[in-house]
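Asks: Okay, here's what each chain looks like letter by letter:
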Amino acid sequence: KNEVEQSPQNLTAQEGEFITINCSYSVGISALHWLQQHPGGGIVSLFMLSSGKKKHGRLIATINIQEKHSSLHITASHPRDSAVYICAVVRGNEKLTFGTGTRLTIIP
Amino acid sequence: DGGITQSPKYLFRKEGQNVTLSCEQNLNHDAMYWYRQDPGQGLRLIYYSQIVNDFQKGDIAEGYSVSREKKESFPLTVTSAQKNPTAFYLCASSIAGVGDTQYFGPGTRLTVL
Numbered sequence: 001k002n003e004v005e006q007s008p009q010n011l012t013a014q015e016g017e018f019i020t021i022n023c024s025y026s027v028g029i030s031a032l033h034w035l036q037q038h039p040g041g042g043i044v045s046l047f048m049l050s051s052g053k054k055k056h057g058r059l060i061a062t063i064n065i066q067e068k069h070s071s072l073h074i075t076a077s078h079p080r081d082s083a084v085y086i087c088a089v090v091r092g093n094e095k096l097t098f099g100t101g102t103r104l105t106i107i108p
Numbered sequence: 001d002g003g004i005t006q007s008p009k010y011l012f013r014k015e016g017q018n019v020t021l022s023c024e025q026n027l028n029h030d031a032m033y034w035y036r037q038d039p040g041q042g043l044r045l046i047y048y049s050q051i052v053n054d055f056q057k058g059d060i061a062e063g064y065s066v067s068r069e070k071k072e073s074f075p076l077t078v079t080s081a082q083k084n085p086t087a088f089y090l091c092a093s094s095i096a097g098v099g100d101t102q103y104f105g106p107g108t109r110l111t112v113l
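Chains B and V supply the protein sequences, listed in that same order. Letter by letter, the first sequence follows residues 1 to 108 of the numbering used here. Letter by letter, the second sequence follows residues 1 to 113 of the numbering used here.
Distance condition first, Cα-Cα at most 25 Å in a straight line; then the derived BS3-like pairs of lysine-lysine: (1) V:Lys83 to V:Lys57; (2) V:Lys71 to B:Lys95; (3) V:Lys57 to B:Lys95.
Keep in mind that the hints were calculated from the coordinates and are not lab data. Source: prediction; values computed, not measured.
I would like the entire structure built from these sequences, with the hints used as guidance.
Replies: The following block contains the structure:
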C-alpha cells in the first residue's frame with residue numbers, strides 16, 4: 001500500500017462544477033503539499049498546509065490531521081483547471097512522498 | 001525573472017552513453033532536488049543537496065550522479081549503469097529544507113534508444 005493515496009485517479013467534469021480531489025496518507029506528517037502539473041509537464045506548488053484550511057482564489061485546501069486526510073476543492077471549475085493534481089506529504093525533516101496524482105479534465 | 005531552468009526539454013541518447021541534464025536556479029535557494037517521473041507513479045527522489053559541495057542520495061540514486069559546485073547549479077548525470085533511463089526528469093529548489101515549498105523547473109524528457 002502506498003503511503004499516499006489519491007482519489008479519484010481520473011475526473012472529468014463540466015465547466016462550472018465544484019471539484020473535490022482527495023488525499024489519504026498512512027503516516028504521521030509535519031506538512032502536506034498540493035501541486036499542479038500542467039499538460040506540458042511543469043509543476044506548480046499550490047498549497048503547503050499542516051492544519052486547517054487555506055484558500056487561494058477558486059482553490060481551497062483542507063486537512064484533517066486526526067483522520068490523515070486532505071482535500072483540494074476547486075469552485076466554478078474552468079477548462080484551464082485541467083491538469084494533474086498531486087498530493088505530497090512530509091514527515092519531520094524527511095523527503096517529500098508523492099501520490100500518483102489525479103488527472104482532472106474540465107469540459108467546456 | 002527568478003526561476004529554475006532545465007535544458008534541454010527533450011533529449012535523445014543511445015543506450016550505453018552517459019548524459020548530463022542541466023538545472024540552474026536564480027532564486028538564491030540553498031536546497032535543490034532531482035526527481036524522476038514515470039507513467040502511473042509518483043515523483044521519486046534521485047538526489048538532493050541542501051548546501052553547496054554537499055548532496056545526499058534519494059530513493060533511486062543508483063545509476064545517477066550529481067555535483068553541486070555552485071549554489072545556482074545542480075547537474076544530473078544519467079550513467080550507462082542506469083537500467084531504465086527513459087523518463088521525465090524534474091529539478092526543483094527550495095529556500096532551505098526538504099519540507100519547504102519546492103519550485104520546479106519545466107522538466108527534461110529523456111529517451112534512450
